[in-house]
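Number 76 in our numbering belongs to position 76 of the sequence shown; there are no gaps in the numbering.
Read the hints as simulated data drawn from the structure, not as lab findings.
Beta carbons: idealized from backbone N, C-alpha and C, even for Gly.
Do not rely on the hints blindly, as some may be mistaken.
[What the hints assert, rightly or not] Straight-line distance between alpha carbons at most 27 angstroms, and here's what the computed DSSO-like set of lysine-lysine pairs gives:
| no. | residue 1 | residue 2 |
| --- | --- | --- |
| 1 | K287 | K336 |
| 2 | K319 | K815 |
| 3 | K319 | K674 |
| 4 | K467 | K446 |
| 5 | K319 | K211 |
[Said to hold, decoys possible] FRET-style restraints, in silico, Cβ to Cβ:
| no. | residue 1 | residue 2 | range |
| --- | --- | --- | --- |
| 6 | V475 | F49 | 28 to 38 angstroms |
| 7 | I250 | F49 | 23 to 33 angstroms |
| 8 | D609 | D379 | 35 to 45 angstroms |
| 9 | F49 | T210 | 24 to 34 angstroms |
| 10 | N399 | G552 | 25 to 35 angstroms |
| 11 | G552 | V114 | 45 to 55 angstroms |
| 12 | K232 | L141 | 58 to 68 angstroms |
| 13 | N399 | Q711 | 54 to 64 angstroms |
| 14 | F17 | K446 | 26 to 36 angstroms |
| 15 | K232 | K46 | 19 to 29 angstroms |
| 16 | T219 | V114 | 41 to 51 angstroms |
| 17 | K491 | Q24 | 22 to 32 angstroms |
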Amino acid sequence: MLKKIRTIAILLLLFLFVFAFLPQIVHFITNIAWFNEVGYEDVFLKYTFAKFAIGIVVFLIIFALSYGTLRISTRYKAPKATDGQTIEIENPKKIRNLLIILPSTLLGLFSGFVSASTLWQEILLFINQAPAGVTDSVFHLDLSFYFFSLSLLETVLKLAMLFLIVIAVFNIIVTMYMQGFNKNAFKVTGSRFVGFISAFFVILALVFVTKIFDLLYSTRGIVYGAGYLDLKVSLPMYALAAICCLISAITMGLGLRRGKVHIAFFGPILLIIVLVLGFTAESVVQKFIIFPDELAKESPYIERNISATREAYDLADIKEYEISGEANLTAADLQKQSATVQNIRIADYRPTLQIYNQLQVLRYYYSFHDVDIDRYEVDGSQRQVFIGARELDQSAFANQTWINKYLKYTHGYGAVVSPVNEVTTQGQPELWIKDLPPSSVTDELKITRPEIYFGELTNDYVLVNTKEAEFDYPVGESNAETYYEGNAGIKMNMANRLLFTIDKSSYRILFSGLINSDSKILLNRNINDRVQKIAPFLIYDNEPYLVITDDGRLVWIMNAYTATDKYPYSEIFTNSDSLFNGKNYVRNSVKITVDAYNGDVDFYIIDEDDPIIQSYANIFPKLFKDIDDMPADLRAHLQYPTTLLDVQSQIYQTYHMQNTTVFYNNEDAWSIAKEVYGDDTITMEPYYVNMCLPNSDQLEYLLIRPFTSYQKDNMVAWLAVRNDGEHYGEAVVLTFPKQSLIYGPLQIENRISNDSVISQNLSLWNQQGSTVIRGDIVVVPINESVLYVEPIYLTASTENSLPEIVRIIVAYHDKIVMANTLEEALAEIFGTDIVYPSNVTPEDPSTDNSSGDATVVIDGDSVSYTALVQQIKDAMKNAKSSSQTGDWSAYGNYFKDLEDKIDQLDNYNATLKPQNTTDNTDSSADNNAATEDNTTSADNE
Numbered sequence: 001m002l003k004k005i006r007t008i009a010i011l012l013l014l015f016l017f018v019f020a021f022l023p024q025i026v027h028f029i030t031n032i033a034w035f036n037e038v039g040y041e042d043v044f045l046k047y048t049f050a051k052f053a054i055g056i057v058v059f060l061i062i063f064a065l066s067y068g069t070l071r072i073s074t075r076y077k078a079p080k081a082t083d084g085q086t087i088e089i090e091n092p093k094k095i096r097n098l099l100i101i102l103p104s105t106l107l108g109l110f111s112g113f114v115s116a117s118t119l120w121q122e123i124l125l126f127i128n129q130a131p132a133g134v135t136d137s138v139f140h141l142d143l144s145f146y147f148f149s150l151s152l153l154e155t156v157l158k159l160a161m162l163f164l165i166v167i168a169v170f171n172i173i174v175t176m177y178m179q180g181f182n183k184n185a186f187k188v189t190g191s192r193f194v195g196f197i198s199a200f201f202v203i204l205a206l207v208f209v210t211k212i213f214d215l216l217y218s219t220r221g222i223v224y225g226a227g228y229l230d231l232k233v234s235l236p237m238y239a240l241a242a243i244c245c246l247i248s249a250i251t252m253g254l255g256l257r258r259g260k261v262h263i264a265f266f267g268p269i270l271l272i273i274v275l276v277l278g279f280t281a282e283s284v285v286q287k288f289i290i291f292p293d294e295l296a297k298e299s300p301y302i303e304r305n306i307s308a309t310r311e312a313y314d315l316a317d318i319k320e321y322e323i324s325g326e327a328n329l330t331a332a333d334l335q336k337q338s339a340t341v342q343n344i345r346i347a348d349y350r351p352t353l354q355i356y357n358q359l360q361v362l363r364y365y366y367s368f369h370d371v372d373i374d375r376y377e378v379d380g381s382q383r384q385v386f387i388g389a390r391e392l393d394q395s396a397f398a399n400q401t402w403i404n405k406y407l408k409y410t411h412g413y414g415a416v417v418s419p420v421n422e423v424t425t426q427g428q429p430e431l432w433i434k435d436l437p438p439s440s441v442t443d444e445l446k447i448t449r450p451e452i453y454f455g456e457l458t459n460d461y462v463l464v465n466t467k468e469a470e471f472d473y474p475v476g477e478s479n480a481e482t483y484y485e486g487n488a489g490i491k492m493n494m495a496n497r498l499l500f501t502i503d504k505s506s507y508r509i510l511f512s513g514l515i516n517s518d519s520k521i522l523l524n525r526n527i528n529d530r531v532q533k534i535a536p537f538l539i540y541d542n543e544p545y546l547v548i549t550d551d552g553r554l555v556w557i558m559n560a561y562t563a564t565d566k567y568p569y570s571e572i573f574t575n576s577d578s579l580f581n582g583k584n585y586v587r588n589s590v591k592i593t594v595d596a597y598n599g600d601v602d603f604y605i606i607d608e609d610d611p612i613i614q615s616y617a618n619i620f621p622k623l624f625k626d627i628d629d630m631p632a633d634l635r636a637h638l639q640y641p642t643t644l645l646d647v648q649s650q651i652y653q654t655y656h657m658q659n660t661t662v663f664y665n666n667e668d669a670w671s672i673a674k675e676v677y678g679d680d681t682i683t684m685e686p687y688y689v690n691m692c693l694p695n696s697d698q699l700e701y702l703l704i705r706p707f708t709s710y711q712k713d714n715m716v717a718w719l720a721v722r723n724d725g726e727h728y729g730e731a732v733v734l735t736f737p738k739q740s741l742i743y744g745p746l747q748i749e750n751r752i753s754n755d756s757v758i759s760q761n762l763s764l765w766n767q768q769g770s771t772v773i774r775g776d777i778v779v780v781p782i783n784e785s786v787l788y789v790e791p792i793y794l795t796a797s798t799e800n801s802l803p804e805i806v807r808i809i810v811a812y813h814d815k816i817v818m819a820n821t822l823e824e825a826l827a828e829i830f831g832t833d834i835v836y837p838s839n840v841t842p843e844d845p846s847t848d849n850s851s852g853d854a855t856v857v858i859d860g861d862s863v864s865y866t867a868l869v870q871q872i873k874d875a876m877k878n879a880k881s882s883s884q885t886g887d888w889s890a891y892g893n894y895f896k897d898l899e900d901k902i903d904q905l906d907n908y909n910a911t912l913k914p915q916n917t918t919d920n921t922d923s924s925a926d927n928n929a930a931t932e933d934n935t936t937s938a939d940n941e
């Protein structure tokens, strides 16, 4: 009977254990299935096995230490009480075993769990570390020692000290309990505690050794890293302290065992003396030797800090060139630099995103999460464009049924593309790809696989190839439907249906009649979560961007980084909003591609010199590919990440100074330029441009950021990072003479605000139920001079309004002009004889646009395009002249004439440019409605 009860109890406990951990067990199984589906099962199993192995090893070590010490502690039994005051505690064998096994098991489990979660990555990196090929300037050790070995040693010592203290406390409690809490108990406890004290001092000795290396990260000097005081005083002190700790371990062990206190405390007293003398020496040396001659004493260490910081942030190879910034540009110069001029960005990504979400969502359940910037070859030239993915926003559905959410509405559809340097006559983006299904104005930008199953808004799993057809895109009063044809997903056989019913807590997965053996479940569809799950040890930014491949597929490109805070002498980056806050070494080592339809993920190493990513490649050889293996049509769209340049430029504003004296006195510090956006003054973000570097005729895709003098607004430098081909990642800095005043972006903004004509117009627009948005100011170096270009948006002060570019402001030297177009503004500054190829929207194959300077009949007269444009320019100049002289009556007449001419130009364009049409009746209706709304808004304004 007793045996049956015991069997039942064991089975019940086993059932409770399985029931309690069933979700975790099922999740582990489904994880294996998912990793197998995406092709990275070996990665998951490797780091899972590493965690398990480390946990088991640490558990066994800690259990053995705890069990052994507790077993020794429980050998002693309290003597019989004779005074009636001592508590006598019986010590049955079962209680004794319980006091040994239970604490040891609990401590072992705790230690194993903590170690598995904190040590697995460091241990794997330590075992598989790749040499950096660079040594530090003090101990001459390879950087891999600091990145991997030192980091692991410090973590192990912290855990060892923690576990030692916990085991010691357990032993004290158990020993006191077993000895009956009498006077003899304290004596026995003290004698058994000797080993713990000796072990403590051994660990402390190793801690002091690590402190010697940690001097290379000292923060108490004038720069980060070991300074004069650290190497001349602190280093010897820590070395002596480590020796004293080893002496203490010996003297405490011998002294306490023999009952000789003077021997026991010889080592600890010696340690205290060394530390007191050392700290006193630090204070004296700092006050009487370093302070009176700080620059001379610290110069070698400043030089080390500058060199290490520039290397750690990949700034050492930046090429600097000086340009005057004051050369006079002519129309002929602009003609020669037409590639730069015609590619000047006039549109801003923020209003563009707003416009996309107003004009191109087409249905309430679509959304553009972001607008990306990229470049494409169109009609034989490189063009910079905005591109936005039209994703499905499931949160927008009013009817959140299980079928709608997981079976019916499964994917987004298509993308919208518009050039950054063109707008329509209404001031809105000139759409090259638009509508549903996507229509394109050029064969060079075609989307053949528009479905987006994997994106930035795809946050839930979906079930595909069920008996319920998937919604594809709207067509008139009905909808086009589809079935998934890709290779992503896990087959939903009965076993998997049961597993995912438990894993997703949804009984419908098991019982729904719409799911069959051909159905598949798509998991981890959010691309950020997807790559993070595969490789959780990398650092990811939140700026993936969409690419249209040569064969029309949609592919996401993402950036992954490696970083550490263990680069000797390198300055720590401090920015609480940054991914790299507290780090002092950063590399964009990996480019990742994610197919928007199939979900295929590929990791490509782009920085082969990074020892961290090479170490990960040693751990996971099947995870990474060489960047040369990336398809050419994707490589053509690689972009230097703004996240990285943001960090680098913040460091470079100080660390461009390489002269130690200049650095020490902070004589030539820079600041990142500021601008006005809307009504706010903000720090300029890094931004992409399509232009030629000064004195070059090669059009390039650049990531740029201007600098101003520290706490001043005059521009002193302009940083550009190249993105194309073999020049990817090369950085160039253009500096301006210190003796010359080169206007900075914020100074140009202030001059715009102070210009009587411009400010009056902006104020007038702001008072008519509209809001003026001053877009990004673009700084464009041309030859030895600089142009500044800023778009002016106008939007109604109502919800869901459409921003429109109404004017372009161009500044050059002391001239500031606001005009309808960039061409007009440049013509007003440099003369009407400027001629350069304009950017023309690629001709839609379905249209037949005539060429030449065609005419249109207006009020009975035949007027050419050229003549009409000239009349508009004349009216604009006359209006400006009248406003400057205060003749507001004439200003009103000229402004009315200007409006009439612009209306005529609109009519002219309408007769010349047929509207693109698609077969999608419903989509066309939506667009017509949007156009009508926009026209009404413009008329009201």
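Going down the list of hints, with the structure as the test:
{"no.": "1", "hint": "K287 <-> K336", "result": "violated, 62 angstroms"}
{"no.": "2", "hint": "K319 <-> K815", "result": "violated, 31 angstroms"}
{"no.": "3", "hint": "K319 <-> K674", "result": "holds, 24 angstroms"}
{"no.": "4", "hint": "K467 <-> K446", "result": "violated, 31 angstroms"}
{"no.": "5", "hint": "K319 <-> K211", "result": "violated, 37 angstroms"}
{"no.": "6", "hint": "V475 <-> F49: 28 to 38 angstroms", "result": "violated, 51 angstroms"}
{"no.": "7", "hint": "I250 <-> F49: 23 to 33 angstroms", "result": "violated, 40 angstroms"}
{"no.": "8", "hint": "D609 <-> D379: 35 to 45 angstroms", "result": "holds, 38 angstroms"}
{"no.": "9", "hint": "F49 <-> T210: 24 to 34 angstroms", "result": "holds, 29 angstroms"}
{"no.": "10", "hint": "N399 <-> G552: 25 to 35 angstroms", "result": "holds, 33 angstroms"}
{"no.": "11", "hint": "G552 <-> V114: 45 to 55 angstroms", "result": "holds, 51 angstroms"}
{"no.": "12", "hint": "K232 <-> L141: 58 to 68 angstroms", "result": "violated, 20 angstroms"}
{"no.": "13", "hint": "N399 <-> Q711: 54 to 64 angstroms", "result": "holds, 57 angstroms"}
{"no.": "14", "hint": "F17 <-> K446: 26 to 36 angstroms", "result": "violated, 57 angstroms"}
{"no.": "15", "hint": "K232 <-> K46: 19 to 29 angstroms", "result": "violated, 46 angstroms"}
{"no.": "16", "hint": "T219 <-> V114: 41 to 51 angstroms", "result": "violated, 28 angstroms"}
{"no.": "17", "hint": "K491 <-> Q24: 22 to 32 angstroms", "result": "holds, 23 angstroms"}
Checked against the numbered hints given earlier, the structure breaks hints 1, 2, 4, 5, 6, 7, 12, 14, 15 and 16 and satisfies all the rest.
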